Amino acid sequence: MLRTFAPSTDERVIAGVCAGIARTLGVDPTLVRLVFALLALAGGAGILLYLALWAWATKRNRVWVAAVLAFLAGVALLGALGLSDQAVIGIALIAGGLALAWRQGGSFRADAPLSYGGIALAAIGAVVLLSGEGTSTSLLAPGAVAGALLLIAGPWVWRLALERDAERTGRIRTEERSEVAARVHDSVLQTLALVQRHADDPRRVASLARRQERELRGWLYGDQPLGDETASLLAALSAAAGDVEELHGVRVELASAGDCPVDTSVGALVLAAREAMTNAAKFAGVEELDVYAEVTDDAVSVFVRDRGAGFDRTAVPDDRQGLRESIEGRLERAGGRATIVTSPGNGTEVELRLPRRPS
Amino acid sequence: MKRRVVLVDDHDLFLAGVRAELGEAVDVVGQAGSIAEAVPLITELDPEVVLLDVHLPDGSGDAIVNAVKADRPGVKFLALSVSDAAEDVIAVIRAGARGYVTKTISGPELAAAIERVATGDAVFSPRLAGFVLDAFRAGEQVGGDAELDELTPREREVLQLIARGYMYKEIASRLHLSVKTVESHVSNVLRKLQLSTRHELARWATQHRLV
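Protein sequence lines, in the order shown, are assigned to chains A and B.
Take 1 as the starting number for the first sequence in the numbering used here and just add one per residue.
Take 1 as the starting number for the second sequence in the numbering used here and just add one per residue.
In short, the hints are calculated from the structure, not lab data.
For clarity, every value in this text was computed on a predicted model and none was experimentally measured.
Okay, derived cross-link-like pairs now, DSBU-like style, lysine-lysine, Cα gap no bigger than 35 Å in a straight line:
(1) A:Lys-282 to B:Lys-169
(2) A:Lys-282 to B:Lys-103
(3) B:Lys-180 to B:Lys-2
From just these sequences and the hints, can you work out the full model?
Below you can see the structure in the form of structure tokens.
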């Protein structure tokens with residue numbers, strides 16, 4: 001929207017009106033002066049307009065003087081453009097009527113009597129204009145009617161749009177705030193409550209704090225959406241690692257190169273990885289596990305490693321579900337392969353590899 | 001002789017924790033909580049190693065590395081952060097830090113990392129190794145030196161094992177190399193990371209500076 005301008009005292013030639021306009025619009029003052037000079041040739045319209053603007057800008061209570069002068073300038077301009085007197089009168093009536101209707105604070109007020117008077121005046125003007133003869137009138141008339149409608153309806157539509165925008169911004173803000181509140185409630189507040197309840201168990205408190213930290217960090221840095229464990233391999237692994245940390249009091253160091261969405265087979269991979277982490281946490285007798293996920297064009301691999309007790313594969317009974325079913329079997333059904341490297345005393349590393357189908 | 005170390009981190013609680021964890025292992029000669037404080041302090045004290053938080057209240061850690069390295073080329077930087085954002089970490093490494101460890105690192109491990117950085121070696125945590133593998137794989141190569149823009153298969157292998165949680169000694173025995181050779185592979189990767197004009201790395205670095 002245009003700012004109101006003030007006549008420029010330091011760049012003025014006559015009263016500084018042209019320079020003032022130029023500054024407000026950010027154009028060359030010479031250009032503005034040229035326009036006024038041309039308008040002045042059109043039946044003196046430029047001179048009248050100049051006076052009107054000067055009257056309006058120097059003293060706000062001279063607004064009526066300005067309006068009348070501007071009105072006369074318009075009439076002079078239209079006359080100079082070669083319109084018939086009737087057309088000029090018609091347009092003048094429309095302009096005057098609308099000005100009257102709009103008088104109240106720049107907006108159309110249907111409850112003010114002056115507004116009705118103004119519209120009536122504008123309507124008479126339209127009739128005068130339309131009944132006039134001549135080519136210029138027949139060209140001008142539809143335009144004048146459209147313009148009048150636009151002037152009446154325009155500000156109302158505009159205000160409506162502004163209100164709707166403001167409402168929408170407000171609604172988005174409220175939604176964001178309640179989403180943040182919901183997330184803080186679901187995660188941070190719950191964790192704090194748990195911490196209070198388990199204040200006498202430092203291991204549990206540490207794992208709670210770590211899980212919460214992981215979750216918040218993921219959310220803040222955008223690695224994973226909080227609470228949405230199905231969005232990506234990393235988010236799902238991170239959630240699984242958090243669960244294992246919380247349940248078994250170990251620390252899981254998660255590293256990764258690349259990420260991918262979770263489909264059925266990647267989901268199976270995550271479950272197998274979780275099982276491998278749980279096994280390591282339960283049986284290896286260590287405080288820290290390393291998990292590394294790598295996504296390349298042709299495969300998704302997850303490595304779960306501990307430096308713990310290790311075990312002898314041949315000594316594990318066949319009916320032990322963990323390894324055979326939950327890790328190896330699950331991955332084979334998903335089209336992948338699990339490799340377990342271990343021996344007593346040398347820790348364990350489970351490699352889960354799932355070929356990717358070209359998409 | 002104990003290494004002279006400066007800590008730069010804006011979390012007082014964490015600074016106190018690090019000092020306690022490091023105990024007598026190193027000589028903490030000073031600490032700062034912002035870039036504005038850290039630059040003159042490091043220039044004045046000329047420590048061997050600076051432990052640097054990636055995020056500071058008045059900017060990111062790479063600003064300190066850039067401001068100090070001309071006057072004090074001997075100072076080694078080790079980035080220390082809870083941040084998981086790969087581009088932040090890569091930016092600090094590209095500015096000249098010799099390594100990156102996460103804040104969950106234990107006291108003895110941190111002391112060992114400081115020692116390693118002080119002697120000119122690089123310190124790659126599993127997480128950093130993952131970031132680096134990712135960065136060198138993504139994005140296309142744009143001119144520059146082909147040798148700097150690609151990791152050799154061996155370097156890739158070493159980094160992958162670091163990411164999987166193997167220590168240098170374990171990597172050496174698994175790949176039938178000496179520990180020295182493993183160390184030199186890691187140093188080479190660090191050099192490539194800092195000098196490469198590779199598209200993706202450059203993008204990460206500039207993105208970070210623009211933010």
